[in-house]
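Protein chains in written order, with the working numbering: chain L, 142 to 629; chain X, 142 to 629.
Keep in mind that the hints are not guaranteed to be accurate.
Pairs count within a copy or across copies, as identical chains cannot be separated in the list.
[What the hints assert, rightly or not] In the BS3-like style, the derived pairs of lysine-lysine whose C-alpha atoms are separated by at most 30 Å in a straight line are:
(1) Lys151 / Lys192
(2) Lys460 / Lys192
(3) Lys460 / Lys188
(4) Lys200 / Lys401
Since the hints were made in silico from the structure, they are not lab data.
2 protein chains.
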Amino acid sequence: MTDEESLDPKSWSEMRRLGHRMVDDAMDYLEHVRERPVWQPVPESAKQALKRPLPVDGKDAAAVYEDFRRDVFPHTMGNIHPRFWGWVIGTGTPFGVLADMLASTMNPNIGGGDQGPNYVEVQVMSWLKEMLGYPADASGLLVSGGSMANFVGIAVARNAKAEGDVAREGLKAAPRPMVLYASTETHNSVHKAVSLLGLGRDALREIPVDDSYRVDVAALRRAIAEDRKAGRHPFCVVGNAGTVNTGAIDALPELADICKAENLWFHVDGAFGALAAIAPGLQTLVRGMERADSVAFDLHKWMYMPYEVGCALVRWPEKHRSTFVSPADYLAHLTRGLPAGPIWFSEYGVQLSRGFRALKVWMSLKEHGVAKYGRLVRQNCDQARYLEGLVEATPELELMAPVSLNIVCFRFAPEGIDEARLNSINEEILFSLQESGAAVPSSTLLSGSFSIRVCICNHRTKREDLEFLVREAVQRGRAIAAEPVPRS
Amino acid sequence: MTDEESLDPKSWSEMRRLGHRMVDDAMDYLEHVRERPVWQPVPESAKQALKRPLPVDGKDAAAVYEDFRRDVFPHTMGNIHPRFWGWVIGTGTPFGVLADMLASTMNPNIGGGDQGPNYVEVQVMSWLKEMLGYPADASGLLVSGGSMANFVGIAVARNAKAEGDVAREGLKAAPRPMVLYASTETHNSVHKAVSLLGLGRDALREIPVDDSYRVDVAALRRAIAEDRKAGRHPFCVVGNAGTVNTGAIDALPELADICKAENLWFHVDGAFGALAAIAPGLQTLVRGMERADSVAFDLHKWMYMPYEVGCALVRWPEKHRSTFVSPADYLAHLTRGLPAGPIWFSEYGVQLSRGFRALKVWMSLKEHGVAKYGRLVRQNCDQARYLEGLVEATPELELMAPVSLNIVCFRFAPEGIDEARLNSINEEILFSLQESGAAVPSSTLLSGSFSIRVCICNHRTKREDLEFLVREAVQRGRAIAAEPVPRS
Chain L
142 MTDEESLDPK SWSEMRRLGH RMVDDAMDYL EHVRERPVWQ PVPESAKQAL KRPLPVDGKD
202 AAAVYEDFRR DVFPHTMGNI HPRFWGWVIG TGTPFGVLAD MLASTMNPNI GGGDQGPNYV
262 EVQVMSWLKE MLGYPADASG LLVSGGSMAN FVGIAVARNA KAEGDVAREG LKAAPRPMVL
322 YASTETHNSV HKAVSLLGLG RDALREIPVD DSYRVDVAAL RRAIAEDRKA GRHPFCVVGN
382 AGTVNTGAID ALPELADICK AENLWFHVDG AFGALAAIAP GLQTLVRGME RADSVAFDLH
442 KWMYMPYEVG CALVRWPEKH RSTFVSPADY LAHLTRGLPA GPIWFSEYGV QLSRGFRALK
502 VWMSLKEHGV AKYGRLVRQN CDQARYLEGL VEATPELELM APVSLNIVCF RFAPEGIDEA
562 RLNSINEEIL FSLQESGAAV PSSTLLSGSF SIRVCICNHR TKREDLEFLV REAVQRGRAI
622 AAEPVPRS
Chain X
142 MTDEESLDPK SWSEMRRLGH RMVDDAMDYL EHVRERPVWQ PVPESAKQAL KRPLPVDGKD
202 AAAVYEDFRR DVFPHTMGNI HPRFWGWVIG TGTPFGVLAD MLASTMNPNI GGGDQGPNYV
262 EVQVMSWLKE MLGYPADASG LLVSGGSMAN FVGIAVARNA KAEGDVAREG LKAAPRPMVL
322 YASTETHNSV HKAVSLLGLG RDALREIPVD DSYRVDVAAL RRAIAEDRKA GRHPFCVVGN
382 AGTVNTGAID ALPELADICK AENLWFHVDG AFGALAAIAP GLQTLVRGME RADSVAFDLH
442 KWMYMPYEVG CALVRWPEKH RSTFVSPADY LAHLTRGLPA GPIWFSEYGV QLSRGFRALK
502 VWMSLKEHGV AKYGRLVRQN CDQARYLEGL VEATPELELM APVSLNIVCF RFAPEGIDEA
562 RLNSINEEIL FSLQESGAAV PSSTLLSGSF SIRVCICNHR TKREDLEFLV REAVQRGRAI
622 AAEPVPRS
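Using the sequences provided together with the hints, build the complete structure.
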C-alpha cells in the first residue's frame, strides 16, 4: 500500500515556513503599495517567462514561489494602489486576503448542505438585504460579480413575466416578442445577459438620457406604449443605481411606479451605486431601489473586498428558485446527514459548485462594521466632489459630466484646440499618466469626446492624490499640446 | 486632510502576526485532517452564532478570527478528508491555499489588460489545451466551474448553429425549433443551461443509455432523423466524458462522427472525466474528446485545486468571442497603457470582473507537474477498481453499476429483503456513515434503487480507507437490518 502518493507536502514544516514568508511578503506588498508606481507595462522578460512548456515534473514549492515573486507579483494591475481609479474596480483589504486563505483551507462547496460555510452565506445574505433596505424574506445569493447578478435578475424576470412556459418550451413559446427597457448608459453586462437569455439584443430598448445621464422617463413611457401598440410584450425595466460612465442614478421611484402600473419586472443594476444605501447623507439617492423585484450589486467594488464577490437579490424566492432549480437523483435533499441544511444555493444560480466567497464578506463586515463602510463610500463621494472642484478651478480642464457619486469625467481642454486634437491629446495624457506609474484613471467617450474618467472605489485614496492627479494631468497636457501635431 | 480613513490595519505588525497564526492553524488543520471525523452535523451553538445582527461597529481582527475558529472552522463539509467521496468534489492542496492568498493579495481583475495575471491565465490556458490534446489555437477561459463551462459551450453552439441571428433577434428568429441531444445520464447543469439560454428544457432530447450507462448511439441517430423529419433543427450533441452517477463515458468518436455527418455542434461535458486524458493507461477512454467543438471540465474536481476553478474550451475562437463580446466606450481597447495586453477574457464569458483563479492553476502545475496529476487520476481509478473488488468479494454487498473511472455505486443487499426495505436500509447506512464521521459517500438512484455512491476525486484517499468503508457499511447494514421494520 506504500505506493500510494498524495499532493500533500513531504515536509509540513517547510510548507508552514513558506506560508509565513508569503504572509510577510503579502503584507509588505500592501503596506508599501503607495511607494510604488501604480502600474507599469509588463516587461518582455516576464512575458517570456510566462510562455513555458507544460511542466511535466514538479519542483520545490519554494522555487515555484520564487518564480511567482519574479515573474508575476511585481506586474500588478495596480488596483490596490491609492491612485488607481480605472473602470469600477475595488481595492481589497489585508484581512480580506487572509479570509480568502481560510476559505481556501476549508475549501467547501457551498451548493448547500449542513455545513458551517452554508450558514455563513445565509447569515451574510441576511446582512446584505438589511443594508440595502430589502425585504428580509427575499432570496439571494453571492455570485461572481455584477454581470452574473444582472443575468440572474433578468433571467428570473424573463421566466416570471413570460406569457408561455419559456423554461420548458423556450422563447418560441412566448406568443408576443418580449421586450425590456434600460437607458443608453446601461452597463454592457445587461446587453450580454439579454442576448444569452435568448431574448436577442434588440429586445433591449435603449432609452435616451437627460443632461445628467439619467433615463428620460417620458421617453420610457412612450416606448412602452409604442411596443404594446405594436403587439410586443414589455416585461422588464432595468434601472441604474450608478451608471458606469458617470455614476448617474435613474429616477428609481418613478421607474418603480411605472413597473407597478404596467406590470413589469423592475430590476436595478446597482453594481457599485447600490452601496449609497449605507452611506450617511446619500441614502436618498438610491431610494426606490428597495422596491425593485431584483437587485444586482458587487462587494468587490464599493465594499472593497477581494475578487470575486457580487450579490443578486430577488424579491420573490419561488420565482427565483424555479428559474434555476434542476432536480437530480444524485442531489436528493435527504432529511439527515450532510445533504440536509438550511438551503441549496445552487438552486438559485448557475453554479452547482460554489466556493466560500461568503467568508470574506462575513469576516470583513465583522472587522469594520457597516458604519465604517458607509463612511468610506461617503468619503469617496466627497473626494469626487473635491476633484470636481479642482477641475472647475483649473481653467485648462473641463468637467465632462455632472458628478453624482464617485465618478469624475474631465479632459484637458485649453481654448483654441479643435475636438479631434483634444481627443488625441487626452488619450496621450491618459497613456502618459498610466505608463509613468503616476495614476491609473480610465477613459470613456462622452458625446464623442475622449474623457479621462476617475472612479473612486478606493479606501486608500487621499485628497492629496487627487491634487497630484490634477497637477500631473495639466503638466502633461501642456507638454503634449506643445508638441507638433503628429501626421496621421 | 487627516480625517480620511482607510480599511488598512492600524498595526501592520499585528496583522502580520495574525496571518502567521492563521497559516499555522491552516496547515495544522490540513496535516491532521485524517485524525478528525470526516463530517459532523453543525451544532446548534454554531447555528445560533451565525444568526447575529448586522455588525454596525467593527472589532479587532484577532477577535473576528476567534469567532471564525469557534463557529465556522470546525464545521467543515469534509471534502478535504481522505474518506470524503460524496458527489464529485475535490480535495484542495496546501500550496493551492497559499496560492489563493497570493491571488487575493494582488487582487487583479482579469477582464484583460497588460498585467502579469492576464499573461498567467494565457499561459495556463495553453497548458490545459495541451493536456487535453485540444488544438493550440482554440479559445478558452477559466470559469467558476463545470456548470458555467457547459453554459459557455452550449451558448456558443446555439449562436453558431442558429439559422437566424439569435444573438440580435432572439430565438424567435430561428425558423425551426432548435433541439439538442444528450443521454439520460447527463448532468443537470446541461438542462439548466438549455433552459437559461431560452431554448426550453424540452429542446434537450434525452436519449436512453445502455447497460453501461453510455448513450445509445442508434437511438441518438433515430432521434435526430425523427426531429429532422418533424421540421425541427438538430444543432448539438452533448457527450459525456464521465457521467455524474457512474462515471460512464459515451462513445465519443462515434458522437464526433455523427456530429460531423449531421453538421451538429459537438460539446463534451468532461467535468471530471476529461482528466483521464492525462492518466497513464486511461487516455484511450476519452479519445474523441479532442474532436469536440467545445469541452467543459473542472480543475477543482480531479485536479484537486481549491474552489472555484473550471475551464471552457472552444475550437472556434471567433464564434466563441462573438457569443459573449459586448463592446462599450468605457472598455475601449486602447493600444497602449493598461488596457493593452494579450486578450480580454471578459469577451469570452459571462463575467466582466474576473478574479485571479489562474494563479493556483499555474503554481500547482509547476509544483507537481502534470505527470503526477496523471498518476493520481490513475490512482483514484485503481482505488475504484479495488473497491469494486472488495464489494464483489462481500456477499452482502451488491455492485450497482459498472466501474468506468473513479465512481463505485453499491448497496447492502443480503438475500430475502424486498426492494423498498433495501432502499430504506441503505439510506440509513448512508446517514449512519455520515453522522458518525466515518465516511462521506453520497447517494443516487440507479434503476430506482437507492445506491451508495463513492466518487474518488481525492488525493488523500488510501486503499485502507476503502477497506474501512466496506467493513463499516456491512456492520452498519447488519445492525440496521436486524432492527424491527419501522412503521411508516
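Right, here's what the structure says about each hint:
Within a single copy, Lys151 and Lys192 get their C-alpha atoms as close as 29 Å, which meets the 30 Å cut-off; across copies the closest is 41 Å, which misses it. Proximity of Lys460 and Lys192 under a CA criterion of 30 Å is satisfied inter-copy only: 25 Å between copies versus 47 Å inside one chain copy. In the homo-oligomer, the alpha carbons of Lys460 and Lys188 lie at most 30 Å apart only across protomers (27 Å), although the nearest pairing inside one protomer, at 48 Å, exceeds that limit. Taking the closest pair of Cα atoms, Lys200 and Lys401 never come within 30 Å of each other, the shortest separation being 62 Å inside a single copy and 42 Å across copies.
Against the hints set out earlier in the document, a violation occurs for number 4 only.
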